[in-house]
Every structure is written in C-alpha cells, then in structure tokens.
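Asks: Residues per chain, in single letters:
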Amino acid sequence: MKRYRIYVAVGIFLLPILARGLWFYRGWYLAPSTLSAPDYTSFRMPLPPTNSEQSPEEDVEPDRRVVLLDYSHNNQFDFAELDAFLEELTLRGASIEIVRDTYEPGELPLRERLKYASAYVVMTPQASFATTTVQLVERFVARGGRLLVISDPTRNLYDYYYEYFSEGYLSEAFIADSLLAPFDISYANDFLYNLIENEGNFRHVFFRQFAEDTLTDNLSELVFYGARSIQTNSGMKLITGDEQTHSSQVNAGTDLAVAVRSLDGGVVAIGDLSFLTAPYNQVADNPIFIDHLIDFLLDGERSLDLTDYPYIFQNSISLLKSEDFDLTADNLESITAIQDTFHARGQALVFTDEPEEDSDLIVLAPYDSESEYFEMLDSIDGLEMPIDMFATLSVPHFGEIDPSGIGLVLLVQGEERTTLFLLAASTDDVLELAGFLETDELDSCMVWENVALCKAGAATDFGFGFDEYDFNFDFEEPLPEDLFPEDGPQEPTPTPES
Amino acid sequence: MSDAPAQENWKTPRTILIFLILPLLVGSTFAFIIPRPQIGIIRLNDAIYFESADALIQQIEHAREDTQIRAVLLVLNTPGGTVVDTEAVYLELIRLRARKPVVVYVQGMAASGGYYLSAAANEIYSGPSSVIGNVGVIVTLPEAPFIVEDIVTTGPYKMTGTGRDTTLREIDVIKQGFYQAVVLGRGDRLKLDVEGLLSGRTWLASEALQHGLIDGLGSLSEALDHTARLAKIQHYDTVELQDLSDNPLSSAVGFFTETAEGIITPLPNKAGIFLLYIPPSARRLP
Numbered sequence: 424m425k426r427y428r429i430y431v432a433v434g435i436f437l438l439p440i441l442a443r444g445l446w447f448y449r450g451w452y453l454a455p456s457t458l459s460a461p462d463y464t465s466f467r468m469p470l471p472p473t474n475s476e477q478s479p480e481e482d483v484e485p486d487r488r489v490v491l492l493d494y495s496h497n498n499q500f501d502f503a504e505l506d507a508f509l510e511e512l513t514l515r516g517a518s519i520e521i522v523r524d525t526y527e528p529g530e531l532p533l534r535e536r537l538k539y540a541s542a543y544v545v546m547t548p549q550a551s552f553a554t555t556t557v558q559l560v561e562r563f564v565a566r567g568g569r570l571l572v573i574s575d576p577t578r579n580l581y582d583y584y585y586e587y588f589s590e591g592y593l594s595e596a597f598i599a600d601s602l603l604a605p606f607d608i609s610y611a612n613d614f615l616y617n618l619i620e621n622e623g624n625f626r627h628v629f630f631r632q633f634a635e636d637t638l639t640d641n642l643s644e645l646v647f648y649g650a651r652s653i654q655t656n657s658g659m660k661l662i663t664g665d666e667q668t669h670s671s672q673v674n675a676g677t678d679l680a681v682a683v684r685s686l687d688g689g690v691v692a693i694g695d696l697s698f699l700t701a702p703y704n705q706v707a708d709n710p711i712f713i714d715h716l717i718d719f720l721l722d723g724e725r726s727l728d729l730t731d732y733p734y735i736f737q738n739s740i741s742l743l744k745s746e747d748f749d750l751t752a753d754n755l756e757s758i759t760a761i762q763d764t765f766h767a768r769g770q771a772l773v774f775t776d777e778p779e780e781d782s783d784l785i786v787l788a789p790y791d792s793e794s795e796y797f798e799m800l801d802s803i804d805g806l807e808m809p810i811d812m813f814a815t816l817s818v819p820h821f822g823e824i825d826p827s828g829i830g831l832v833l834l835v836q837g838e839e840r841t842t843l844f845l846l847a848a849s850t851d852d853v854l855e856l857a858g859f860l861e862t863d864e865l866d867s868c869m870v871w872e873n874v875a876l877c878k879a880g881a882a883t884d885f886g887f888g889f890d891e892y893d894f895n896f897d898f899e900e901p902l903p904e905d906l907f908p909e910d911g912p913q914e915p916t917p918t919p920e921s
Numbered sequence: 263m264s265d266a267p268a269q270e271n272w273k274t275p276r277t278i279l280i281f282l283i284l285p286l287l288v289g290s291t292f293a294f295i296i297p298r299p300q301i302g303i304i305r306l307n308d309a310i311y312f313e314s315a316d317a318l319i320q321q322i323e324h325a326r327e328d329t330q331i332r333a334v335l336l337v338l339n340t341p342g343g344t345v346v347d348t349e350a351v352y353l354e355l356i357r358l359r360a361r362k363p364v365v366v367y368v369q370g371m372a373a374s375g376g377y378y379l380s381a382a383a384n385e386i387y388s389g390p391s392s393v394i395g396n397v398g399v400i401v402t403l404p405e406a407p408f409i410v411e412d413i414v415t416t417g418p419y420k421m422t423g424t425g426r427d428t429t430l431r432e433i434d435v436i437k438q439g440f441y442q443a444v445v446l447g448r449g450d451r452l453k454l455d456v457e458g459l460l461s462g463r464t465w466l467a468s469e470a471l472q473h474g475l476i477d478g479l480g481s482l483s484e485a486l487d488h489t490a491r492l493a494k495i496q497h498y499d500t501v502e503l504q505d506l507s508d509n510p511l512s513s514a515v516g517f518f519t520e521t522a523e524g525i526i527t528p529l530p531n532k533a534g535i536f537l538l539y540i541p542p543s544a545r546r547l548p
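As they're listed, the protein sequences go chains A and B.
Using my numbering, you'd call the opening residue of the first sequence number 424 and step up by one each time.
Using my numbering, you'd call the opening residue of the second sequence number 263 and step up by one each time.
Be a bit skeptical, because a hint or two may be false.
Across the chosen pairs, the derived CB separations fall in these ranges [what the hints assert, rightly or not]:
{"hint": "1", "chain 1": "A", "residue 1": "Ala454", "chain 2": "B", "residue 2": "Phe294", "range": "26 to 32 Å"}
{"hint": "2", "chain 1": "B", "residue 1": "Arg357", "chain 2": "A", "residue 2": "Tyr430", "range": "53 to 59 Å"}
{"hint": "3", "chain 1": "B", "residue 1": "Thr416", "chain 2": "A", "residue 2": "Arg631", "range": "39 to 45 Å"}
{"hint": "4", "chain 1": "A", "residue 1": "Gln705", "chain 2": "B", "residue 2": "Thr429", "range": "17 to 23 Å"}
{"hint": "5", "chain 1": "A", "residue 1": "Asp722", "chain 2": "B", "residue 2": "Leu403", "range": "35 to 41 Å"}
These are computed hints drawn from the structure, not numbers from a lab.
For each residue, glycine too, the CB sits at the ideal point set by N, CA and C.
This is chain A alone, in the form it adopts within the complex (with noise of 0.2 Å):
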C-alpha cells in the first residue's frame, strides 16, 4: 500500500519536469550523417599541358621580307612580351620594321612603309585608324600584302570617358573592327570561356575544332589564354571553340572562332595575344601555330606596281640614255642627283650603255627615240608612241593624249628584270621628268597601275589654245543705275497687313 503511494508521489513528481521539457524540447537534433567539408587535400592545381613534340620548321628564307609591327595606334602590349615571336620571326628570314607614330624624328609614314612591306601586323591597337590608312591597307592586301590582325579581351584600356563623364574599358575590339571592316572581318566585344574543361581558369580555352588550312596543318590543341571571337561571312574559321566554350556576350554560342582568315587568304586575325607570349606560346601546339603564322607573313607574294615607287627595283639599277640623249654638263648634274637619291637609300645605281644582266633599269628618252628597249613596251596593250611631233600619243587607260607637256612614266616588270621608262616629247623634258626620281613621289602625276602621266615641258599651242580666248576682261564696277530697271525701284514686297 505505502509502495503505491510512494509512485503516485514519483510520478507527481516527474508530472512538471516533463511538462517543463515537452513544452520547450520535442525531440534531439541529429546532425546529417553525411555531413563533412570538402576534403582540400585532394585538390590538385592544374598543370599546362605539355609542349607538343613536334618541333617548328627550322628553315631560314634566304630573302629577307619586311615585316611591319604597328606601333602607332596605343598598342596595349610591351615588345619584351613578344621578344620569342619577333625572334623567331627574324630567324626565318624577316626583317622587322616597327611603326611608331611619323611625327617621332626619322619616322618613315605607313604609306611609304607599305610600299616595300611583305607584312602589316597590328595588334591590341586602341588609338583609331584614319580612313586613308584603312584604305592604304585595303590595297596592300590587294597586291599580295599579309594583314595579320590580334585583338585580345584582357588588353582594353581602362580611361575616362569625358563625353559621358564616367570611367571603364574601352574596347580595342571596335578600334580593330575599323581596319578589319574591308575583309568582312569584325571583333566581339566579348571574351570566350569554358567552365567545363579549361586550362587550370575558365577563361583558358582549349580549342580542338580546325578548318582545313596551311595555318591549321598539324594543329590537334591549342590553348588561348583569355581570346574574343571573332566573326566573319565571306571568310573561313579557322579555329574554333567546342559546345562548352561560350561567348561573354550571350553565355552561350557553339562554334565561336577565334582565328579567322578573309575570303582571299590575304588577312587573318586572331582574337588572343597570349598565345604569343612566353611561357603560353609553349603550351599545347601553340608553337606550331606561331610558326604557321609566320609562313603566312613571310608567304605572300607582292606584286608592285608604279605607286610602290622608288621600292620597285629589286637588284642594282642601270640607267640608260638613248642615243640622242645628249650628255651635257645641265643634265650631268640631275643624273647625279638620281644616283645620290638611290645610294641614300642603299640602292646601287650605275650610268651605263650596257646594262649587267641582273640589273633593273631605267631607260630616259624622248618619245621617238629608236631605243632598242622600246620592244619591251610591245608587250603594253594599246600603247602607241607619237611618230613625230604632231601625233598623238595613246596610252593605256588614258586613251588619246597630246604629248605636248605630259610625260609618260611605264613601269615593265619582266622575269629576269625590272625596266623603268621615263619618256616624254623632249630629252630636256625627260630630264625635267626624271626629277620625281630624286622626290620619291608620283603625287604630281596621274597614276593608272604600271602607268603614269606627268606633266614634263611646256604644251605646244597647236591654234586651239589661249589666242582664242578673250582676255578682254571686264573688271569695272556697275554704277548704281545699272543696279535697277529704267523705270526706278520696284514696289515694296507686300506685307500681311496690306
């Protein structure tokens, strides 16, 4: 009996305990079983894939071609970054010229530059490009010139905007894009990632997909560090990233190139400039991509016409008088002018009536002069010289011209030889037409591929020219009467109130 109370009392007890505890507690917490942090020791940082065996052509050119690196449009990168790229640039037989901006002492302008070029490489420019120097450009690459063009998403520039008062990246994409517009060829303003597979950070980009091209020949990986894509029509794409590599832009994309070449072989850009630089240009196949790129700069073939002038001549040079081209001490002197302005520019000139065989030359007579070099211009399609002093000369693209006054410059371009005629109605007037040999320029005259018209001598008045015109010039004031009708002032313009 006393045990049951002793229960009772128990149980009592315990009643507000419990109460307490099931008011505030309805159970224990069990922590996830499958709780853990990552285990950092198993992380391991990724390492460059491995130079590709196969080892870069190693053959030297014997003819060293000029190749220009632009300078002068806010490049964003340092020449210390390209110094394996330029090496072995030079070591395949290029010459390097860089141009810097014309107003620095010395500086030959682009224009001039591009005359004798085999190559323009431009890369990361953000100063823009005027139009001239687009156009200038355009026809370069028309003749045979190389465009090899790199843009890169890490080399904007950060600047302050003033037109919209605020700071950020100025783009070089649309600073190239102007220089490329010609060749259907355009930059993104973007940058290509791949979250998937990617060397050692999402924006190292492994690229596999290559088109079918001299620049792609044995490429199986490449790896760009941080590259644009690039975009074209009429072009071909070279190289191209996977299903996983996405473009900034849109965070999606498949097929998204990074090199591209233009439709007529002559331009290729590239939407990365790492590559180039050490130690990247070591990794993967990137060496043999660097050394295709350098077959394409030094590949092209260059055709030149007069416009390339004084750069047309490609051995010593012999200059060749005709035969009634008298020697004098007037035009003794200009001739030597010539030689000094070819030696100035390390060119040999000699002056001679026997050409060597493996000089160029340049040939000064007067329009009926029986030179035997004249058979050269047979070759010319509808070129007729004057048979005498009344005639007319025809020329190419020009049709009918009086000789009278005009000069006639014709660039022939043989396999063994290279012939410069500079012919006009007169030997005094073919000396008065060999002085732009000494300035380097044809502005003065009119210019048609391998022809030009200069003016050289005075025109002759055949009785069509000034004593037919009246000079009887009227140049006296009208007196006032004159300014109004006979009959006084007109009436006043009508107002709306009248």
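The hints should help you fit chain B onto chain A, whose structure is shown.
Replies: Same frame as chain A, but now just chain B:
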C-alpha cells in the same frame, strides 16, 4: 472491501500533503532545472576578414559550448572577403552544425564568401530581394619576378612570393574547395549544374530558390521558426551572441579602401586572393 482502507488513507490531509502536493511542488521546482531553449543569433554585416572572422568564430564557439543555445541563426549581409578567413569561419560552422542546427538568413547579400559560409548551414532562408551566389575567386596577379640593384634575394620569387601563372592555377584550387563546399552543403537540393554555379553569377533570392541555392523566402522570424523546427524546440528565447562574445563588432574600415573624402569603397585595401563580390561600379582591384 480491500480498497476501502486505501481510499480512507488518501482522504487524510497528511497523506495528500506528503504524496501529492509536496512531490508536485518539488517537481515543479526541479522542472526549472530544464532550461528554456535559446536560439543564438550571429550577425555579420561586414566583409569577412581577420577581425570580423575572429568575432564570428568566438560567437560560434560560444554557441557550441553553451547548452542552453540549441541552434544558431546566422544572419548575413556580406559580399564575402578573404579566402583564409572565410574558410576558417566555414570550418567552425561545420563543427557547430555537427552538434546544433545552423540556419542562415540572408538579409541583403550573401555573395561569394558569404555564400561559402551559407553552404555550411542546414538550411538557408532569405528576404525576397537579397542577392545570393557569386561563387568563385578573384585575385590580382602579382608582379612578374624582378630584381633590383639594392635588394638581393635567394630566389626569383622571394620578392613576389609566387608567379603570375602559378597564382592563376592556385585560385582554381580554391575554387574547387568552394564548389565542393556548396555541393556538399546543398546536396540534392542544388539544381544548378557546374557551369551555372561556377559562372560567378549573383542571383536574386527568388531565382536562387528556383536553383536550389536556398531553401525558402521569408522574414527573419520565419527563419527563426525554421531554426527551432530543426532544433526541435519551441517557446524559445533568442540571444544575440555578439553581446556575449568578447569581441565587439568590427568595423569595415579595416578591410575596404577608404577614399581621401572618407568614403568606404567596396574594394579591399590591399591585394590578395578574395572570395568577394565587387559591384560593377568598382572594377579595379588594388
């Protein structure tokens, strides 16, 4: 007949006093030994760096040792911060979570390192327009190795500590840790794929919910209720752990750059590797 004496006995005042009232009074007194449960609230309205992380860790340790605190609600409004400090707090939260539930409530922003901390929580709740995500690492590359005439070192990286390329690869290791932390923390609830998660995007909380980055939208009091549910408690008290810790709330001045005009910018005041969200208006790292 046999029950009659028993009924008789209960009717005596003495018996009732000894066996009913006295046990009830003693039991009621003893019941107060059972503490009223508390939810510890830890607040972070700052970047994560040495001082703020130190304060957080002290509060977390306090919550872990205090038996009355049955759960912790971490209220975040942070763009993240340094890698080492974020990882330090994260690991302390993981230890705490092994003993007590941890819930995160995002009151403004849990970006980058802030979301790293959130990944340690059992559940994540947020105000509807808070900003969540920005999973990734950001770094300013060190200078390329250089030598100067008057300072001589015994190795090429003695001056810079590491190379530029190496730094790029090192942050990938940190990124892997961040990614794993999120995957482990969110488990099956995570709907984003690798690309989506590592894109570094920030998400509005409502979007983040769809992607499984958080568990729900609501108010702070609702988040407290969720915390209590996980801790299996009710009628709880809340306690601001910052008041209990020795370390007062730190100031962001120690981490962010201050302009000459006294304006605090969202940029760290020295170079380093960060789990940090930097708004687009301030793009340049030191």
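Asks: Given a hinted range of 35 to 41 Å, is it respected by the beta-carbon distance of A:Asp722 and B:Leu403?
Replies: holds, 37 Å
Asks: Given the hint of 39 to 45 Å, check if B:Thr416 and A:Arg631 actually sit that far apart at their C-beta atoms.
Replies: Holds, since B:Thr416 and A:Arg631 (Cβ atoms, about 42 Å apart) stay within the stated range.
Asks: The hint says 53 to 59 Å between B:Arg357 and A:Tyr430; measuring C-beta to C-beta, is that right?
Replies: violated, 44 Å
Asks: That 17 to 23 Å hint for A:Gln705 and B:Thr429 (C-beta), does it hold up?
Replies: Because 19 Å falls inside the window, the suggested range holds.
Asks: Using the beta carbons of A:Ala454 and B:Phe294, state whether their distance is inside 26 to 32 Å or not.
Replies: holds, 29 Å
Comparing the model with each numbered hint stated earlier shows that hint 2 is the single one that does not hold.
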